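Start counting the sequence shown at 1; every next residue gets the next number (UniProt numbering).
Just so you know, the hints here were simulated from the structure itself, not pulled from any lab data.
Be careful, since some hints might not be right.
Below are the DSSO-like pairs computed for lysine-lysine, each with C-alpha atoms no more than 30 Å apart in a straight line [to be verified]: (1) LYS600 with LYS581; (2) LYS316 with LYS350; (3) LYS350 with LYS564; (4) LYS552 with LYS581; (5) LYS564 with LYS596; (6) LYS154 with LYS600; (7) LYS418 with LYS552; (8) LYS581 with LYS596; (9) LYS552 with LYS596; (10) LYS154 with LYS596; (11) LYS600 with LYS316; (12) LYS418 with LYS316; (13) LYS32 with LYS116; (14) LYS552 with LYS564; (15) LYS581 with LYS564; (16) LYS350 with LYS596; (17) LYS581 with LYS350; (18) LYS600 with LYS350; (19) LYS350 with LYS552; (20) LYS154 with LYS316; (21) LYS316 with LYS596; (22) LYS116 with LYS154; (23) LYS418 with LYS564; (24) LYS418 with LYS596; (25) LYS564 with LYS600; (26) LYS552 with LYS600; (27) LYS600 with LYS418; (28) LYS418 with LYS350; (29) LYS552 with LYS316.
Owing to the predicted nature of the structure, the values given are computational and were not obtained by experimental measurement.
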Amino acid sequence: MGSTFMVTSSYRQTYEESLGNPGEFWLNAAAKVSWSAPPRHALDASRAPLYTWFPDGVLNTSYNALDRHVEAGRGDQDALIYDSAMLGTRRRFSYAELTGLVARFAGALRRRGVGKGDRVVIYMPMIPEAAIAMLATARLGAVHSVVFGGFAPKELAARIRDAAPAVVVTASGGIEPTRRIEYLPAVEEALHLAGVPDLPVIVRAREGFAATAADHGWQDWDSEMAAAEPAAPVDVAATDPLYILYTSGTTGTPKGVVRDNGGHAVALTWTMENIYGAGPGDVMWTASDVGWVVGHSYIVYGPLLAGATTVLYEGKPVGTPDAGAFWRVIREHGVNVLFTAPTALRAIRKADPEAALLRDYDMSSLRTLFTAGERLDTDTFHWASRSVGVPVVDHWWQTETGWAICANPRGLEELPIKAGSPSVPMPGFRLSIVDGLGVEVAPGTEGNIVLGLPLPPGTLATLWGNDERYISSYLQAFEGCYATGDSGYRDADGYVFVMGRTDDIINVAGHRLSTGAMEQVIGQHPAVAECAVIGLADPLKGQRPSGYVVLKSGVEVSEDVLAKDLVAMVRRDIGAVADFKHVTVVDALPKTRSGKILRKTMRQIADGEEYTVPSTIEDAGVIDQLIGSLRPGGSGD
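Whole structure, please, built from the sequences with the hints as guidance.
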């Protein structure tokens, strides 16, 4: 396929405008946002490389997400649908109702001393009050820091210590398919570890948990709401922080990504229309968690900024009650846009390889299925495309960027979809593929993916309280660029292929090879549900690849036969130079709760190095099960 379709396309023209005249481009985009004082200037470069967007703009993000839609006459429209597969309950909140609840909880926070610029730590499960607390914090011009519900006390304490909040908002606990997780003892321990045992805490009570707010001398959500007066939106500068979000898996002092108010509102508003093709009255379901960046951007803020309806789902892709859970939600709520992680699709496919359960549900409302979080392997892409019957669009972004670096902008132009690629760079992202010296490489050549400065609106402004660490972590490796930490290549059409983290490039006898490329090959085997390839230390060749695979449900194949198949496939598609010879079948792979496979931890275990299990792990027991096959002398050696 040639590249001519991109020359005169809407996408190409829009992308070139964003790079050629970024000020005019983003000021035009800013016109879709309601401002108390509209910006006249787009970019402030006076503190480069610390750039800020819309330096003279004034607004309130909560007002943009809620009040303005009520004022426009759409107060009766659904703003948020809560669907708990764990409890079997559903609840709908209109824009008018949600605005009232957010205003009242903002008043409750104000009664506890929260004002403009103060921080609020939110440690909540997937319940409506999590979104209400976020929007109420923003309403006061305060700064929220959401910590994934269920994080260990030590990790919660590190974030409390760094953010120095005025209040903590939590709930009795979270509900998993096989257990209930008590939050309040963890919060109490975290406060003591952080050295702030008397910090105010507001607790949303849930039935079935042992501890109560009164047990700890804390405040009850319902009582606080009853006593509060609704608070009006507080104007803030566009450059004021909206939230802090700590990157997953951090050790020591956590890295708190700072998102501003103005750039965030402009960027997410642009993406809803142009990437997701969703607007007022559409239903968007992002099957993630508010504790992750995806949940911030596309469960809470993006859909509400666009005047759409957002679905907040408390459940799993399988087991609540079965692998048809996603299809039920789509049918029941008329979902138009689904956004989920590839790992969720792989879990569904593993449990229901033929997607037989999907036939029980009317999926006619669904227009597009988006994925992000990890690379969408080609086999899962084809399975989902065939099963669901709508375009399946991979897109690539990071906690730091807040929205897609590369995507297929379905609302702007439906570009051809290529399996294995998140398509093309989005406006404002000046993307290059460079070698170790920062020199751009030829199409088809893998290298470091970097983004020229300044980054577009909505990306990280800095790290909380640490400009120097932001610069050293992201901006020093390649002059004038943000280093994504990912490797990949561009094809002749300009499509980007993200192959993995740069530390997932292994060196086999002097040859630099991508473990991501090997995973793409292995994932095409009909017996494989998901896989990971890691580079193990080798005294002769420096490193050698070793594969770990999870089989699909109901598949019976001997490990020897499977290994021979996979070795032959890698040899055929990548070459003998990969030296791929070792395959181990495992019950599960260790992942973060957002779906990323913990390849670094697996590699450390296999090489006999000291390792720390990240706080973001979905199931710590998986590590224990893997140790025997990963450690030297195990079946994976």
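Which hint numbers does the structure go against, in order from smallest to largest?
none
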